[in-house]
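The primary structure of each chain is shown beneath.
There are 6 protein chains.
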Amino acid sequence: MTKLIVLDDTVLGRNILGAFTEEEIVPFESLKFSDGELCVELKAPVRGDDVVLVSSICEPVNENLVKVLIALDAIKRASPKSITLITPYLGYSRQDRRVKAWQPISARLIADLLQTAGINRIITCDLHASQIEGFYSIPIDNIPILQILGNRWRKARPNDFDLSKLVVVSPDAGGVTRARAFMNEAKIPNMAAIFKYREKPNEVATMQVIGDVKGKTVIIIDDIVDTGGTLVKSSSELKKLGAEKVYVYCTHGVLSGNAIEKITNAESIDKLFITNTIDKTSQIIGDKIGYIDISDILIGLINTFKNGGYISELIKDFLTEE
Amino acid sequence: MTKLIVLDDTVLGRNILGAFTEEEIVPFESLKFSDGELCVELKAPVRGDDVVLVSSICEPVNENLVKVLIALDAIKRASPKSITLITPYLGYSRQDRRVKAWQPISARLIADLLQTAGINRIITCDLHASQIEGFYSIPIDNIPILQILGNRWRKARPNDFDLSKLVVVSPDAGGVTRARAFMNEAKIPNMAAIFKYREKPNEVATMQVIGDVKGKTVIIIDDIVDTGGTLVKSSSELKKLGAEKVYVYCTHGVLSGNAIEKITNAESIDKLFITNTIDKTSQIIGDKIGYIDISDILIGLINTFKNGGYISELIKDFLTEE
Amino acid sequence: MTKLIVLDDTVLGRNILGAFTEEEIVPFESLKFSDGELCVELKAPVRGDDVVLVSSICEPVNENLVKVLIALDAIKRASPKSITLITPYLGYSRQDRRVKAWQPISARLIADLLQTAGINRIITCDLHASQIEGFYSIPIDNIPILQILGNRWRKARPNDFDLSKLVVVSPDAGGVTRARAFMNEAKIPNMAAIFKYREKPNEVATMQVIGDVKGKTVIIIDDIVDTGGTLVKSSSELKKLGAEKVYVYCTHGVLSGNAIEKITNAESIDKLFITNTIDKTSQIIGDKIGYIDISDILIGLINTFKNGGYISELIKDFLTEE
Amino acid sequence: MTKLIVLDDTVLGRNILGAFTEEEIVPFESLKFSDGELCVELKAPVRGDDVVLVSSICEPVNENLVKVLIALDAIKRASPKSITLITPYLGYSRQDRRVKAWQPISARLIADLLQTAGINRIITCDLHASQIEGFYSIPIDNIPILQILGNRWRKARPNDFDLSKLVVVSPDAGGVTRARAFMNEAKIPNMAAIFKYREKPNEVATMQVIGDVKGKTVIIIDDIVDTGGTLVKSSSELKKLGAEKVYVYCTHGVLSGNAIEKITNAESIDKLFITNTIDKTSQIIGDKIGYIDISDILIGLINTFKNGGYISELIKDFLTEE
Amino acid sequence: MTKLIVLDDTVLGRNILGAFTEEEIVPFESLKFSDGELCVELKAPVRGDDVVLVSSICEPVNENLVKVLIALDAIKRASPKSITLITPYLGYSRQDRRVKAWQPISARLIADLLQTAGINRIITCDLHASQIEGFYSIPIDNIPILQILGNRWRKARPNDFDLSKLVVVSPDAGGVTRARAFMNEAKIPNMAAIFKYREKPNEVATMQVIGDVKGKTVIIIDDIVDTGGTLVKSSSELKKLGAEKVYVYCTHGVLSGNAIEKITNAESIDKLFITNTIDKTSQIIGDKIGYIDISDILIGLINTFKNGGYISELIKDFLTEE
Amino acid sequence: MTKLIVLDDTVLGRNILGAFTEEEIVPFESLKFSDGELCVELKAPVRGDDVVLVSSICEPVNENLVKVLIALDAIKRASPKSITLITPYLGYSRQDRRVKAWQPISARLIADLLQTAGINRIITCDLHASQIEGFYSIPIDNIPILQILGNRWRKARPNDFDLSKLVVVSPDAGGVTRARAFMNEAKIPNMAAIFKYREKPNEVATMQVIGDVKGKTVIIIDDIVDTGGTLVKSSSELKKLGAEKVYVYCTHGVLSGNAIEKITNAESIDKLFITNTIDKTSQIIGDKIGYIDISDILIGLINTFKNGGYISELIKDFLTEE
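Residue numbers (the working numbering), protein chains in the order written: chain A, 1 to 322; chain B, 1 to 322; chain C, 1 to 322; chain D, 1 to 322; chain E, 1 to 322; chain F, 1 to 322.
Because the hints were derived from the structure by calculation, they are not lab data. Don't take every hint at face value.
In silico negatives: residues of chain A with every beta carbon more than 10 Å from chain B [unchecked claim]: (1) L163; (2) T206; (3) E321.
The calculated label-pair distances, taken between Cβ atoms and stated as ranges, are [what the hints assert, rightly or not]: (4) C:K100 to B:G174: 16 to 24 Å; (5) A:K165 to D:K165: 38 to 46 Å; (6) E:E313 to C:D9: 25 to 33 Å; (7) B:F161 to F:E22: 53 to 61 Å; (8) F:T206 to C:S30: 22 to 30 Å; (9) B:E23 to A:L31: 19 to 27 Å; (10) A:P60 to D:G242: 53 to 61 Å; (11) D:R152 to E:M1: 38 to 46 Å; (12) C:K288 to B:N159: 32 to 40 Å; (13) B:K187 to A:L31: 37 to 45 Å; (14) A:K271 to D:G242: 36 to 44 Å.
Keep in mind the model is a prediction, meaning the values are calculated, not measured. Idealized CB from N, CA, C, for every residue including glycine.
Take the sequences, apply the hints, and build the full model.
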């Protein structure tokens, strides 16, 4: 039987829980002792079950990482048939290579830690680099959220919408495949890209725009918006080059530091859409930043496990023409 | 060559660093990005070296645990000959068994995570339960700090000190061996013990004192003082039974929540001595809580590695008669 | 399908076999060559089955340990779906920590050997220390036999039984939780404990009784009775303090050396009850030592596997009010 | 002692062997049976030695991969202290992620196979993607050959060379860091990049040039030249945009199919320089393709091991100002 | 569900595929890039399925080995329930021990590589030495093809066939068990053996015949015919000793080098029968070498998996009396 | 530093200990508790040392196996640099393959257990089958005792000894290589072999002698003499065929059951020589069975480790011409 454990009390978490029966949900108690140590205790058996654990590894990222590891240990010792981790946002994924010698490759370390703690399969959304799949020796699925959003955008728009004014923009070289997937699903004909070179993480780089954005409505497609600095700079650049409107679709709204303020105040950004892989509900005020709920995608995913279906079929369903 | 990396900027850490040459110390940069992710970068090579990494896994315990794991990944990828972790305080050690079904055994999980990240040997101080050694498949050394303090206490006291008024007290059944080790080294002839039964961690239990404490100067010996609740209750009980003075020696001063305040205000406690396995310097005011520096023990330990000696010999040296 | 292999030809083994159909039982041939080497050959296929192997690791303990390991190798190579070891008595559990440096931690070694040989899960009874669960990285269940016996004792006694004269006694500090579990199930209101300190295994220690036993009927609760020396000394001490009767419940009757004779002759012990986790039928004469058959508990356990139930539910069933 | 085994009879291999004494070289016999099975037999002991095995995993790539694995097994069983694989060209590195579901990640597989066969460390040159370092859990060094060539180019050119006409070009987005490293070392001030999008490996993509190449002498910097198709197309594009000369520096000359012919005939390419990480000596005629010997770099590397030095220092030496 | 992947386009492969439904077969694309690197891509999902991969590891043996490993990686990453490799001919099995120091044990290496790549079970035919089973820590089945052929031979012959003229011959000491199995099934009463001593693989040794072959029809039973040299020499020897006819049954027709020509021209061999564990259809002309199709055995095997039966029962079925 | 632990108090053990200094020997205490559990405690540190543990795994074979495993655990936890097991006789080596389905491969199991317990290298003498080397993934050395004895025999015999009357006999097909090695070293020109087929271990088989033994002095060369049954039958057969004298050299004198009596009474055996890989000193009376001390070979071996030499060189030294 498929059993569900949702670690985080978030909008996404509550929506997912609401889609399953009481029998399918494993309640648990999460403790934090006064010295900061965490403990997770399951309140129902999982022996022989296919356990699905849902938790983003987002800020407070180290706290959440350790919590997931401890929860996995508790589950593993309770004799489940298998453990699947659905982690909509997989922290530390940007540390996927060494920029200099004597650095860690933390994304690989996380992969090893999760496998040590007992996961048999992992599912995440819009992974920062596809090579990270190779850091795992267990099956990993990478749900193409932005591609699905492209499909939904197309279905939602009026039939007589003028597509010729639209340009999809990838904010860097690594994101071209991701942007193109959105563009194809959304049936938007034009694409541009920003090409940049960054010395250190979190630092903004010099940028050059390829493709024509003058007089166009631009849709920037990216996986992560963190401090917001790069995004503000990119959109400024696009506006300088004549873009009329700049909309942004980002899967993961890390929005660290004063990112929300920075983006809210940025004139160059007309609107930023993020999904709820990371929960920011309590922090977002006003309508400059829009929230897209992806619960139905994750619920579909868990139902696929439950019914023995294939994820590839599920994704195909999300990407149908009509 | 033996190379030293000290992760924490504490009194203990600075003292240790001061005992070694610049060539023996590997400088490093510790970064925390605005989204909370950590990174550690070594600033000197360790290829072919026996690396000693010093870091307590204390509050903020999850932050520190992840920091140690990431540092280990960076070291491991830099081709050292071996990695020894000296962790004066090893967090999560009290989660060494399941009180109920469906709980984790976090102390074992920590053991697996550290080994996955690359340690070849681990050294810690006054481990909460000696069975935890069995959670590791690599060599582990457990430095008997309290036993060494017992030895030092004896050497420091006046020759004509009246020992007959002293009683060493173990605050629970599990600590008898530890208290006896102190007692033997200190040459204190009398011992008593408090016997208690505790339902949950951090909760105080019913207690009964075995042995005579009336009119005596009591020295409580324990490994960890956390919230301070049990300690205050134990010392109250001892004073009610006629103890004249209650001194406490604890290796690890976790002192979470308002423990410092609670202990400072407790009339039943005459003085608490803790060591600096956990750094509390900035928080301790007044002289109710005394600080014992164990840097020399750890420096001795690292020198033992450097010179190819044996830890057992070193400990014997610390426990000599004269 | 659940398939059963019972290695030992004991009362317990025969009772278990009697509860299952021929199709569910895998016959086997156990050979001992003239040079002492063992071999086990299965006489029916187990491909795709959930195999349950039942065998205590008791005296001759090394012979039995190797036999279990070899049987596991034979099973593992026959393509089962999973292997569960039910070992009512898990030898070497008392070697769970190092008393001195340079000793083994044999209980961890046994855990590693069994996992190397192929077990996926292990079930045992009244484990010597709960930390041993952490020596395993696979699921482990520890059946609380004494707790179940407490429940049965209550149901079996006359309704008007005078409980006020009864005291449950834990013979050492480590056994308090175990004794309390019995006490709670038996609805016996009073408890006492013996507090002792032992230098080496098998050696008797100095002891002190906490709690009132004068004029009482004492029930000592312990996990293992080995040479019997400690037990005789404890009961003598209790009688000296005025206990009227001393009954003993021990899960595992190791009864090594001349233990049976020693206990039979001990005036301080009125009766010792052991279970058949270790088979001593041929050696026990007279009625000083009583035998409690726990076959029904293990049969219930195996039926739980067979029917996809939960062990936690099963244990709850054994501990019902009525 | 450091012992050297060079599997391939190539220019590079012979040069390396020539730099070491007979005692440091382990002779071996490489057999190929008539059914195609390979065998490698060492002709001298390596017990207790730090063995360095040198072999590119290049065409015939599967043959060479299996040969390296078998050689590793022979070495591992001969009790060496450690095994370091120096593989100037590490085949299968371009299969570092899944373009579609249900594909392998062969670069990770290769990492696992080499580690299974017994390597403790791996050194390679100009790795295709730096994330591949994360596929290994052992130390890996990635020698920046092109950066060293940039340094050498600068030292070799006349002092009054006119640098203003030069432009370094990265042929794709992933190569920018690599090209920049060359540019910085060569002290060439200008850079351009070709931006392209490729559906499948070996297939040429649409391309757009960023930066000014009109009237310039272009130096394309790339890690691998395989079929030559992309290179010919890129250089054509550059010439169309007004580039006067197009020179190419590529670390690895895979040159599969009719690549040599294609490049030799391409008017858009003025000269291609490759290194001898892959041996093509027998196939290259004429002077359209130039050969750069990197033996001295690898010899320096092995001497670093021999003398207990640091690779980072060695590389710094290769990149000195003077 | 059981899903089938047949890597090789051979008679055996096509026959197996013909026995299963489209839904049970996983189509795949096998690519070979121009630089010799292989890639395998599945064209249907296998999530949750018991995948059976069929492929001989025969010439080109290194190419096929790597192809199988890459296919396993692709399958493993697609979340199957289990992977069973059916490899009718398992190359490198003759390298099962070190004849001299400093050689590899390639058959063990292959076992480790296959397990690293992800197989959970392996099935092969007439393994060269039964000890090779011990190189695997996963279940391995060794289908006794020659024994089954002996059974079929008996059922196919006329009832009044004169068996007294027949002698089964083992061509070396290692093959006696194999020959006896054939003899018993075929109900042939007489056996002889050739005893020889071979210095190196592929080299012919001195030989001595035990048992009477004069005037007899000899049936040589062997597992592998490689270069054919030994076989020609053995049959010559038998004819010299008066054997009237020499027939040969060999499971695996490696037939390397000019083996086919050599055997076709050998007057001492009347006919050689090989099975199609290795596909030689395109190379065999004339009727000196006969081909025995074993598809039905492998199809039976896969159906056994499908239906949850036991291989032991299947083999018993193939060896029935009638 | 090389440190020596000799587990067994045997002639061989005492001889080896006598060759090393007190500083090189690690004393230990071996305990057997009254319930049969073993414990081993080292009495000196081994931190950083290359530990050599010497112990045969012979009868009582299971007791000795567990003792070795526990000793390894104690050593491993004491932080040695490496652990080498010298086990002159490696029990369970004859269980190296499955004769029928559903049996174990105990020799592989032993390999896994020893590696789990912590050995890094293993050295044994005249291994039963050379394929067993492939059961280990660590380096293994197989000392050719009989070959060395052949060399010694030659050097010891008078110069004018008549070799033409001598025949070396292998008692079965598997021993031919072993016998030939003895023969070559002893410079004995003639060889014969007994060819037999055995259904089960310990059961005698039908036998046929190849080669001429009439009027000859026969030297049987074998690795193990266990129950002695086969040996008596073989020698009878040889005497029946006219052998004048039958001498036997066996490395390992298992001599189980009444083997000593059986051999002593056997008229067909003139004398049996065994080595002291297994200690039988207390059981052997009279001079029918001769004892060859191999201490000097093992001492040479350990000195080789100590001095960083090569075992291959050592063996070559033992096999010199003069």
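Going through the hints against the structure:
1. L163: At roughly 35 Å from the nearest Cβ of chain B, L163 of chain A sits farther out than 10 Å, so the non-interface label holds.
2. T206: 21 Å, holds
3. E321: Non-interface label on E321 of chain A holds, nearest chain B Cβ at 38 Å vs cutoff 10 Å.
4. C:K100 to B:G174: 16 to 24 Å: Taking Cβ atoms as reference, K100 of chain C and G174 of chain B lie about 19 Å apart, which means the hint holds.
5. A:K165 to D:K165: 38 to 46 Å: The hint (38 to 46 Å, Cβ to Cβ) holds, given that K165 of chain A and K165 of chain D are roughly 42 Å apart.
6. E:E313 to C:D9: 25 to 33 Å: Hint holds: Cβ distance 28 Å, inside 25 to 33 Å.
7. B:F161 to F:E22: 53 to 61 Å: 42 Å, violated
8. F:T206 to C:S30: 22 to 30 Å: For S30 of chain C against T206 of chain F, whose Cβ atoms are near 28 Å apart, the range 22 to 30 Å holds.
9. B:E23 to A:L31: 19 to 27 Å: 46 Å, violated
10. A:P60 to D:G242: 53 to 61 Å: Taking Cβ atoms as reference, P60 of chain A and G242 of chain D lie about 54 Å apart, which means the hint holds.
11. D:R152 to E:M1: 38 to 46 Å: For M1 of chain E against R152 of chain D, whose Cβ atoms are near 60 Å apart, the range 38 to 46 Å is violated.
12. C:K288 to B:N159: 32 to 40 Å: 57 Å, violated
13. B:K187 to A:L31: 37 to 45 Å: This hint holds: roughly 43 Å between Cβ atoms.
14. A:K271 to D:G242: 36 to 44 Å: 42 Å, holds
The structure is inconsistent with the numbered hints 7, 9, 11 and 12, although it conforms to all the rest.
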